[in-house]
Structures are given as C-alpha cells and as structure tokens.
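Since the structure of chain W is already known, use the hints to place chain U on it.
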Amino acid sequence: MAKVVVLGAGISGHTAVSYLSKALKNNHEVVMVSPNSNFQWLPSNIWVGVGLMTIDQVKFKLAPVYKKLRVDYKQAKAVSIHPEGNDKNDKGFVKIEYVSEEEKGKEEIVTYDYLINATGPKLNFDATEGLGPDKFTQSVCTYDHAAHSWDKLQESLAKMENGERQTFVVGTGHALATCQGAAFEYILNIAFEIKKRNLMHLADLWWLTNEYELGDFGMGGAYIKKNGYITPTKIFTESILKEYGIRWIKRAGVQKVEEGKIHYENLRGEYHTRDFDFAMLIPGFAGAGMKAFNKQNEDITSAVFVANGMMKVDADYTPKPYEDWSAKDWPSIYQSVKYDNIYAAGIAFAPPHGMSKPMQSPNGTKIFPTPPRTGMPSGVIGKIVAQNIIHAVKTGTMVHKHKASMAHMGAACIVSAGYGLFKGQAAVMTVNPIVPDWEKYPKWGRNINDTVGVVGTAGHWMKLFMHYMFLYKAKAKPFWWLIPE
Amino acid sequence: MTKITENTVPYSNISYGTEPTRMVRFMRRCFIIQVFNFFKLNFKVMRIVVGGHS
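First to last, the protein sequences are chains W and U.
Position one of the first sequence corresponds to residue 678 (this note's numbering), numbered consecutively onward.
Position one of the second sequence corresponds to residue 5 (this note's numbering), numbered consecutively onward.
No lab work stands behind these hints: they were computed from the structure.
Please note: incorrect hints may appear among the correct ones.
What the hints assert, rightly or not - Straight-line distance between alpha carbons at most 20 Å, and here's what the computed SDA-like set of lysine to any residue pairs gives:
1) W:K911 - U:Y15
2) W:K903 - U:Y15
3) W:K699 - U:M27
4) W:K872 - U:H57
5) W:K799 - W:V776
6) W:K903 - U:C34
7) U:K48 - W:H1085
8) U:K44 - W:N1126
9) W:K1117 - U:H57
10) W:K902 - U:P24
11) U:K48 - W:K744
12) W:K1080 - U:I18
13) W:K902 - U:H57
14) W:K911 - U:P24
15) U:K44 - W:M1146
16) W:K902 - U:T25
17) W:K902 - U:K44
18) W:K927 - U:T22
19) W:K927 - U:Y20
20) W:K1100 - U:R32
21) W:K744 - W:P998
22) W:K1100 - U:Y15
23) W:K1100 - U:I18
24) W:K903 - U:M31
25) W:K911 - U:F42
26) W:K903 - U:V39
27) U:K44 - W:I1125
28) U:K44 - W:Y906
29) W:K911 - U:S19
30) U:K48 - W:A1084
31) W:K903 - U:H57
32) U:K48 - W:F1147
33) W:K903 - U:F47
34) U:K48 - W:G905
35) U:K44 - W:K1117
36) U:K48 - W:I907
Stated by the list, open to error - Cβ-Cβ distance ranges computed for the label pairs, FRET-style:
37) U:T22 - W:N1126: 14 to 24 Å
38) W:K968 - U:T25: 53 to 63 Å
39) W:Q973 - U:F43: 35 to 45 Å
40) W:D952 - U:E23: 23 to 33 Å
Backbone N, C-alpha and C fix where the C-beta goes; we use that ideal spot for every residue, glycine too.
Extracted from the complex, chain W is given alone in its bound form (with noise of 0.2 Å):
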C-alpha cells in the first residue's frame, strides 16, 4: 500500500488530491495536511472584496468533502521535510504541527512514499515597510482580507456620499510582485461601483504597478487579436483604465507606506510619494518556508529550495541573460531536483526566470513583475502531478507520460468589470502559450490565433460559470472530473 501527501488545499492541491483519491482511494493512503479549515475560490474574492459576493459564497468547508473522497485530512501546518527519513524512520516524512482549536500546536511525523508540496504562496506583507491588512493597506488575496477591504471601501464611499474627495491606489505593493490580474480587475470593480453610485466626480483612482508598461502582467505583455488588428495588451490595458477613468502610475516599486501616503522609486531613480484614502496593493510572494534536512539532520534547505522559499523541480535555473531565456527552461513534470518522490504544485515550484524583462533602477532596485501561476496552470500542474504519481503507484514504474509545461499551456484571464447579468461586463484575455516561445513563435511570442482579447457581457458569464462550475469541481459533487482545470 502506498501513502501519497499532499500539502496544501489550495487549486493545486486541492485538483491533485481529488484526482488521487479517485484513483487510490480503495487500496492505497491519501493524506491532505493543510491550516486552512475552508477551500476558497480565489478568483472571487474580487467581488467580496467590493460587497458583491459573501465569504460563504467563495469557501467551503474541507472537512465533509475529504471524508467523502476519504482523504486523511489534517487540519497542520508543514514545518519540514526530511525526505531520507531520521534514525528512527527509513522512510521520508513530513513534521506538521496542528493549528486546529482541539489539537493546536501538536506536532507529528507523517511518513510518505510520494510528497507532493502545493503550499502557496506565503503573503509577504512584511517585505514592504506598512503594507498589509494589519497597517496600512486592503488585500484581497484571501476572503478574509476581501471582506476586510470591503469594510473599508464602504468607509470611503460613506464619506463620498458625503461630498468629501476620496483616492483610491490599487496596483503592486512590493517592486516585484506579481498578480497584476487580481488588482487589476479590483480596480476596475472599484470604478464600477462608485460609478453605480454616481459618485465618480468626487473619486481619483490611480493604478500603481511594478510593470515597465501596462498590460505587462507579469508575462512580459503579449500581442491579442482585436478588432481586426494585433494589439499589444499595453494598449488593450490602457484603454479600459482610460474608459473606466483610472489614471496610472507604472515602474513604480513601493518601498513604504505610512498611514495615508505611499512611497515609491520608479525605474529612473526618482522617489515619489502618493496620498491615499483607500489602497489596495498586491503583496510580494514567497514560499511557504519549510525547512529540509537529511538523514543525518543536517539542513540541506538550499538545495531542496531555492532562497525564496519555492522548490526546486526539473527547470532550467543556470542563470543567463533575458535575451537567452528560453521556453525549454521551464519545467514540464514538476519533480524535485533532488528527491525523486517529492514534486511541487502551483505557486510552490520555483520558475527558472520571470518573464518580463527585468530592470532596475540607478539605484539598483529592481522593479518588475515576477512570474504568475493563476488558477488555470496551478489546477492542470495539480492534475498531471496526480496523474504520474497515480501511474507510479499502479504500475511500480515512473516513467512521467503526463506533462504540463507552461511553455506549452495556454491559459485565460478573465477581468471582471462590473457585476449583473446584463449590466457586468468583463474583459477575457486568452494567450497560448503562458511563457513567450520566440523560437517557436518568432513574430508574436505566441500562437497569435490562440490569443484573443475582448471586452463584453459575455466575460461576465463566463466568470460566474466558472465561479459556480469550479465550485462544484471543488466540492467533488457527482462527475467533478469531467469539468477541466
């Protein structure tokens, strides 16, 4: 009988355990640890964050769902690995430590055949002085921070209902942060509403992004197909903000926020400031921060992780100049460098390189968009990494026939620009591949067919669809498989 772990119930995790206990569940272990009681819809969060949706109508209990997939879930945090086991255990394990009312702060030792890491992203407020929840700024990274910002923004629209002048920044919290998308589409929801409330004369929304350019969004831009020409996502990018009336601030890398005033360095050297009402700025990423050690106890961290935090997989990390960043250098099966048995889904592994050209200021700072892993790649990571392992377990063989390389994965993005049925609207963005080919796509970067960029009622469907039909992935309800990542 073979024991796979998987930690972390986030897209990745929660799309790589369903598919495992599918297939495992009758003659083999599946375990899920995880500190989160709830499954989230991430992408929703954007409509909590504006009153638009409740937090129970973006989360669901894991508890029940796992006891039908019979999964072994425990409600722990990781704290390390030690993948050549200690003296006591020949077999790698996982030391987690509670966090559940009952049990918390209990530790203990669960052993594996197969690891798979899916533990997200570790929100790093504290890499930019002020930033957070807890200081200065609105997150909407999870329900609870959405609905911590709704509480805000209400406050400021009191206040413009009141005739008093409010600002509003949304944009990137640290010089290289990432999910652009994410704020983005906040920003525009924003405008929406104060729109809605007829209250657009008293607002001045700013957008403030690490990007060299708009629409950069952390893929180093792309070329969409609109209205009869190809269109770099700049334009496409700038004309929605111009239309929705949100002026912007671009190669701007946030150093410190005080109570109602951002500080910022742009990409020539110049500090700035920017006064606020209400701000909302994207945290910077890191891993999750588990330790590795071996047999002996020895720390060997750095060579499981790299400084950051994310794992190591089967990428392409030699460091080498932007013009020879190549599609190759991506990783297709997400297996550790250094263990065979241990894999990373989702926001976990770490990306050989960015995709948008990095810069830096005179002053050596560098500002720019680091990679995003979005809902669509870290469920179809998620899914593959299952799938191999499944092939392993029933055959005896690892032989990786499933592979994912976001070099050849397409995915979509779909902004939300107001909510209702006829009124919402949304703007899709499709690209294919995530990660620019040059050699393989020497005009455009990407199959230029496969991208599209359009802006209308139907996105806004699509959105809810995808709210409601993931959900119901997620819930594992009757033929969840059927619907892809």
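Just chain U now, with coordinates in the frame of chain W:
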C-alpha cells in the same frame, strides 16, 4: 462607463488610450452577440486548456 476626464489633455498618459464608440458599447451588451461570444470564448478556452497538457 463615462470617463472622469471629460476633456482630452494632450500629452497626458491617459490621452493615448483608445475609447469605444457607441457602436462598440452597444455590441458589448447586445444579447445575441454576447451569447455567441459566450460559446465561442468558452470553446476557445476549453481547447487551450485541454490541448496544453498531455
């Protein structure tokens, strides 16, 4: 959406973006066009996702 800057300010960042015409705004909300787009876009996304991994 109505833009907050009613007048174009030459050389400002915002002055370089395109803006939808009334026709485009109508098409974005036209039920028949959007139903067609809904199926077309879903098909496209599905094809990209399924074709992106083996």
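Worksheet item: Which of the listed hints are broken here?
Response: 2, 3, 4, 11, 12, 13, 21, 22, 23, 25, 31, 35 and 39
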